[in-house]
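Trainee: Between the sequences and the hints, there should be enough to build the whole structure, so can you do that?
Respectively, the protein sequence lines represent chains Y, H and R. According to the working numbering, the residues represented by the first sequence are 1 to 174, in order. According to the working numbering, the residues represented by the second sequence are 1001 to 1102, in order. According to the working numbering, the residues represented by the third sequence are 2001 to 2620, in order.
Rather than coming from a laboratory, the hints here were simulated on the basis of the structure. In this text, a Cβ means the ideal position worked out from N, Cα and C, and glycines have one as well. Keep in mind that the hints are not guaranteed to be accurate.
[As the list claims (entries may be wrong)] Derived Cβ-Cβ restraints for the label pairs, each shown as a range:
1) R/G2605 - Y/L142: 34 to 40 Å
2) R/G2605 - H/W1055: 34 to 40 Å
3) R/V2580 - Y/R164: 51 to 57 Å
4) Y/R164 - H/S1098: 35 to 41 Å
5) H/W1055 - Y/T93: 23 to 29 Å
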Amino acid sequence: MTPFLEVAFYVAGVIAVLSTALAISRLVAVHALLYLIVSLLAVAVAFYTMGAPLVAALEVIIYAGAIVVLFIFVVMMLNLGAEARKTEREWLTAKTWIGPVILSAILLAEVIYLIIRAGPHGAIGDVVTPKEVGLALYGPYLIGVELASMLLLGALVGACHLGRPAPRKAERSI
Amino acid sequence: MTGVPMAYGLILGGILFALGLAGLLMRRNLLFILVSIEIMLNGAGVAFVAAGSRWGQPDGQIMFLFILAMAASEVSVGLALILRLNRQHKTLDADAASEMRG
Amino acid sequence: MLDLLWLVPAIPFASALALAVLRFPRKIVAWIAVCSIAASTVVSLLVTASFLSAPPTANAYTQVLWTWLNVGGFRPEIALYLDPLSLIMMVVVAFVSFLIHLYSTEFMIDDDGYSRFFAYMNLFVASMLTLLLADNLLLLYLGWEGVGLCSYLLIGFWYRDPVNGLAGRKAFIVTRVGDTAMVIGLFLLFHDLGTLNIQQLMLRAPQQWHIGSGAAIAAAFLLLGGAVGKSAQLPLQTWLPDAMAGPTPVSALIHAATMVTAGVYLIARTHVLYSLAPSAQFAVAVVGAATLLIAGFSALTQWDLKRVLAYSTISQIGYMFLALGVGAWPAAIFHFMSHAFFKALLFLAGGVVIKALDDEHNIFRMGGLRKRLPVAFWTFLIAGCSLAGLPLITAGAFSKDWIIWGALSAAHGSPGLWIVALVGVLLTSLYTFRMIFLVFFGEAHTQVTRKPGNAMLIPCIVLAFLSIAGGYLKTPFARFLETTLPWDGGTGVVPASEIGSEVIAFLVLLLGLYLAYLFFLRKKAYATTLVSSAVGSGVHRFWFSDWGMDWLYDRVLVRPLVWFARVDKGDFIDGFYTGVGRVNEIAWRGLSRTETGRLRWYAAGIAAGSIIFIAVVLFL
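Mentor: Pasting the structure below:
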């Protein structure tokens, strides 16, 4: 791994962390989503430096390009206005975030301790080409692919059903 | 040759996961909760890819692909649910739907 | 003929069962009840005839019916043991019971619970006979408890009045105290000697225990405890006066002639044990002596006819205990026999009087019945003389003089006990003739409303005859009992001879008679001034309340128990178990508060849980 890629990894990592931290603390939904996109892009760069170009691309295309776009569609549909921003401010008091932050910090500390304690591992290194991934995917992991497709089918059907317009009658089911 | 130790990749994943968890617990708006879930999934994926890269095997990336597929389906269904909830309760407050208490 | 022995207790059992379970019209009930006891008596007489004409080996006959238990080397049997002692007692109990049953057919004629009464009475007789004929102490204890149960049922026979129920309960609880001591004694005997078979015990005890050994003394004292409870001696005598709440035939049968002598029987049966424990035997004598005095004083002050007789019973059984305590075993049994006759007669004749005066119990409201109820008067007089001990013509004299002589001359006798016995004679004569003079002489305060019928009078007459004639059986009696209850005719260095003692006793009796005549017939004023004086009224009240024992027991035992029961109303032991439930409830309440229904709360729970798990894995 060239030093350039190493530096790129650290920079991308820092950006990802920062933008994620910002994303979870915005008051307007769209701002949060934008910061999320930045985070995802940074992570994609990190993937590239780790020698995983396929997932780097997929991160951008699917995660940032499809999932977050879906979020934006819904946000636009919901049409949250200025009073939403005020509500968010009320809901995000110091009393509210201090507990979760402490909880997550403890968890993070434990996880880092676990990782470090396990001793020196190896180094992230060589590139794993998309060809290798493809061969593995349609080789040993074939069943996973099929299951994933069924999962997506289920999600499709579910989302279709749930997203139907409201029926005229009073009786509703969620 | 030396490179970025795998530990740092795992730690990056861990930090992203923790941030997502914090966001999940902090925010009351359901949309933000979903966003935080996505962040957590992403973090997990980073850890997988880092590990796979250390051993030079495609398994890490394949795992990330599956995570991606799952995230996509979960987001679509989740957003549909949020829309229904909004239609019923006229709000995106996660605490509004708390009738199953005891 | 001897193998008919099992019928003696079995017939009354069967009739009790029949009367309890089935419904018969009154006449049939009377016939069944009386005939069953009559049959039992006839069989016992047949057995006696057979025993006397052809005595079995070792002068004892055992009839084993079946094995009751067989567990770990403990093998009590349902077996009947017949030797001179149990033979005499069996015959007396059966015959007196027969007469009293006959009497009750008329006495209880107006009562609703006619059938119930006879069922209980028959059951009682069956239990008593079982007790007497029992081969081993466990079967004896069965009979013991059976008579205790029937006593409770019959004392509280008129259950609609709570006072009677209270009296029944008191009797049961007080005798229970004695029974518990007895059971512990049985445990001790079994533990040390390995058997409860009475004959085996009497063989093994001297082998294993030397005279004065701790175990023998303990066992003897414990059995004494049981005997004291059942026979209403000090300190457990408080129940007998209150037991007079039951019908008069019950008082006659259970509380005069039979059940209360069960303690005497027990001690006589296990006399080998008492020979091994001289201190226990001395205690028996002391208990007897003290009781006969205390009860005698109390009898002087009572106004209820039946209560006078109750205290008199306690006192006479004290004589029997005294006899046992000094080692004059056959004297005690002889006195039991004559006492059964004259005390049952006193109760029955007294019952005639009470019934005739329409249920009047107060002797100060009776009087002048000599002419109106002649049969009752003469039989009562004969019985009273027998009780007091009029020499040569009454059975009571023979038996009581035997005891008084034994108190002086027997192996463990002493002049002190002899003096006490003589004081007892004075008291007996005093209260007996007080009773007779107040009830039958003087002016009539209450009129006679109904005359007794034959069913009530015939038993009285028969018993009166026995109260006179029974005494002449003394020498054959002693000879008959020699094998089981030896009597050495009195050893000890004594200044007076036996005749001398009897003469002194007679003189004391006459003194009592004269005093009673003086106070209660001639100059009634003396008695009233004596009682109304300051000292006199205090003493009178003290003796009236049975020397304050009821008050004492109430203060020392009953009140603390009731207080504790009230304090423990919440039942602190149960509190532990309800506490478990309550802890669960609190935990439930706490845990259900974690079910808020809020999404983020649950997510936080998951996060916290995973933190804890990881921490556990890392650091433990």
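Trainee: Given a hint of 34 to 40 Å, does the C-beta separation of R/G2605 and H/W1055 actually sit inside it?
Mentor: This hint holds: roughly 35 Å between Cβ atoms.
Trainee: With 34 to 40 Å as the target window, see if R/G2605 and Y/L142 comply at their CB atoms.
Mentor: Given range 34 to 40 Å: holds, Cβ gap about 38 Å.
Trainee: In this structure, is the beta-carbon distance linking H/W1055 and Y/T93 contained in 23 to 29 Å?
Mentor: Violated: the Cβ-Cβ distance is about 46 Å, outside 23 to 29 Å.
Trainee: Does the Cβ-Cβ separation between R/V2580 and Y/R164 fall within 51 to 57 Å?
Mentor: holds, 53 Å
Trainee: Please test the hint of 35 to 41 Å on the beta carbon pair from Y/R164 and H/S1098.
Mentor: violated, 25 Å
Hints 4, 5 from the earlier list are contradicted by this structure; the remaining hints agree with it.
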